[in-house]
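Knowing the structure of chain H, use the given hints to seat chain S on it.
Here is how the chains run, residue by residue.
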Amino acid sequence: MIQMNVKCHKLAKGFGEGEALVSKDPICFYLVEPKTSNVREKGHHLEGKSVAGKVLVFPSGKASSAVQMDGLVKLLLNKNAPSAMIVTDVEPVLVGSAVLTKIPLVDRLERNPFETISSGDFVKVDADNGLVTIAKK
Amino acid sequence: MLKGEHGSGTQSAMELLVAIGEAFDAPRMIPVTRAHAASSGQEGDLYFVEILAKGGATCKIMTTTNPIVDFEYFQKFINISDEHQEASVAWKTKDCYRQIGAIMSWSCIPYLAENIPEYGEHVAFSESSATPYVNSVIGALTNRESIQTALAAGVIGATPEYGLHLKENRKGTVLVKVEANLKDGYSYSLLGQYVGKKITSGIPVFVGIPKRPTIDQYINLCAMLNVTGAIPMFHIPGITAEATTEEEAFAGNIPKDKIIVTDHELLETQEELQTATGPIDTVILGCPHYNLDQLAELAGLMKGKKLRDEVSFWVNTSATTKLLAERTGYVSVIEETGAHVVTDTCIDMFCWNNLREKTGMTDSPKCAYYRRFGPVKMGTMGECVAASMKGA
Chain H
1 MIQMNVKCHK LAKGFGEGEA LVSKDPICFY LVEPKTSNVR EKGHHLEGKS
51 VAGKVLVFPS GKASSAVQMD GLVKLLLNKN APSAMIVTDV EPVLVGSAVL
101 TKIPLVDRLE RNPFETISSG DFVKVDADNG LVTIAKK
Chain S
1 MLKGEHGSGT QSAMELLVAI GEAFDAPRMI PVTRAHAASS GQEGDLYFVE
51 ILAKGGATCK IMTTTNPIVD FEYFQKFINI SDEHQEASVA WKTKDCYRQI
101 GAIMSWSCIP YLAENIPEYG EHVAFSESSA TPYVNSVIGA LTNRESIQTA
151 LAAGVIGATP EYGLHLKENR KGTVLVKVEA NLKDGYSYSL LGQYVGKKIT
201 SGIPVFVGIP KRPTIDQYIN LCAMLNVTGA IPMFHIPGIT AEATTEEEAF
251 AGNIPKDKII VTDHELLETQ EELQTATGPI DTVILGCPHY NLDQLAELAG
301 LMKGKKLRDE VSFWVNTSAT TKLLAERTGY VSVIEETGAH VVTDTCIDMF
351 CWNNLREKTG MTDSPKCAYY RRFGPVKMGT MGECVAASMK GA
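Heads up: the protein sequence lines correspond to chains H and S, in order. Following the numbering used here, the numbering of the first sequence begins with 1 at its first residue and continues without gaps. Following the numbering used here, the numbering of the second sequence begins with 1 at its first residue and continues without gaps.
Keep in mind that a hint or two might mislead.
Sample of chain S residues with no beta-carbon within 12 Å of chain H, all distances over it, derived [stated by the list, open to error]:
(1) ILE61
(2) GLU72
(3) GLN99
(4) GLN148
(5) THR214
(6) GLY229
(7) GLU271
(8) ARG327
Footprint (simulated), chain H over chain S, 3 or more residues, beta carbon under 8 Å [unchecked claim]:
(9) 15-26
(10) 41-52
(11) 141-147
Calculated directly from the structure, the hints in this document are not laboratory data. Computed from a prediction, not measured in an experiment: that's the story for all the values here. For glycine and all other residues, C-beta sits at the position ideal for the given N, C-alpha and C.
The shape of chain H in the complex, shown without the other chains (with noise of 0.2 Å):
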């Protein structure tokens, strides 16, 4: 199994791993069925998968301001949330919801990583050090 350290950018702090889910478009949590955890927004990259437990890989928020942490809030108030995210883009609205629902959030990765992380991949995100750990699927 290969495994790789790369160094990120603390956006919101904490440790959480899991399985990578790797998203092309940016995600609006709103639009991600609380009980199921799966993403309802038709057409997206994500439809119909759950991001339950997931370290999340994705471009970028999106959507007004008040519905990105009303949907994660949710998320996590049915133990769907998922346990870490990576971007490329940072917006404050997502940093915010993130710091304030505890889940780890890093950016600026060396490498980029929608090259470097596939879905199934099991990746651990150590906000605090600074340090995504990637073992290869």
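Frame of chain H, contents of chain S only:
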């Protein structure tokens, strides 16, 4: 504050601001003198404001609130206990805002009456129309805040110095050439909807807008730019606060992109959200909340008419606006047709759930986007009135 010597609520607010500051490499905190929290009365909103309220935090600066729901008004029409889950979250949320000493404005246009920043003032304003309005039209400085970051700034009286608080980040990035005929507030909504979706982020510079937009036209443009996209600011050279010429708006930036908007794009944009064309059963106006000018215009259109029996007609506005509209006589003209003038309420709330099966009509793409009713028809304020009245 981080150690909790001012209580756990203030500590949580400070922790959030520090985390945001670190994430954006802000060198320091700077004072802000006003905040507006885009309170939504939903679980995500309650989660943080309850931490603040239970932890004894109070607002240190003027902090206004967004619409949630006017319980007293709606209990006349719906059985609130049918919506127990959503209603109790909304009720608790409103109570937490009261506890932390926020201003009970329940308005999404606070920048017109309850909480007006000055040119050059550093503030923290969330809410889709509010962020671009105070940055662009007024020339105050705010980032695109979430409810929580705006609330934290309200409690602490400071925000991390990054993004739009720095002059170099307020330059235009995209040139938008307007060739469409912008004849009313509705066409400005469609312009915002189209440009927001097309460019998704950055700071557009609009050229070709023939004259100074009216307040309601600005509100519509701001709201839609920041709903279909994440656009916190724009320039209209010679008109908005920070640029007298196109060169000044870009301030040395080379535009990343140039787009042209004609009547064709606006028409296509209207079709995107429209899912109904025939007769309608309900109309919702006032998303964002109608201002006094719009209530005056609506009263003029409705005077002496009656709603068709099967149509319900709802107009949302702020409490301060309604008070003036009552004194001036607009509200009685509107209500005599059978329509409702509602305060304190957002269109994305449980109180509209009984319209789920209805065919709705609105002049607001934002209302259509977050809609609580069934199929939706889009049109101007005048077209909404015409589609609802007897003898039409």
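These are the hints, each one checked on the structure:
Look at ILE61/S: its CB is around 19 Å from the nearest CB on chain H, clear of 12 Å, so calling it non-interface holds up. The Cβ of GLU72/S sits about 23 Å from the closest Cβ of chain H, beyond the 12 Å cut-off, so the non-interface label holds. Residue-level check passed: GLN99/S sits 19 Å from the nearest beta carbon of chain H, beyond 12 Å. For GLN148/S, the non-interface assignment is contradicted: its Cβ lies about 5 Å from the closest Cβ of chain H, within the 12 Å cut-off.
Every C-beta of chain H lies more than 12 Å from that of THR214/S, the closest at about 24 Å, which supports listing it as non-interface. Non-interface call for GLY229/S relative to chain H: violated, since the shortest CB-CB distance, roughly 9 Å, does not exceed 12 Å. Non-interface status of GLU271/S relative to chain H is upheld: no Cβ of that chain comes within 12 Å, the nearest being about 17 Å off. At the 12 Å boundary, the C-beta of ARG327/S stays outside the reach of chain H, the nearest C-beta of that chain being 32 Å off.
Only residues whose beta carbon comes within less than 8 Å of a beta carbon in chain H count, and the stretch 15-26 of chain S has 7; three or more means the coverage holds. Requiring three or more residues with a Cβ within less than 8 Å of a Cβ of chain H, the coverage given for the stretch 41-52 of chain S holds, as 6 such residues are present. Remark: the stretch 141-147 of chain S is confirmed as covered by chain H, as 5 of its residues place a Cβ nearer than 8 Å to a Cβ of that chain, reaching the required three.
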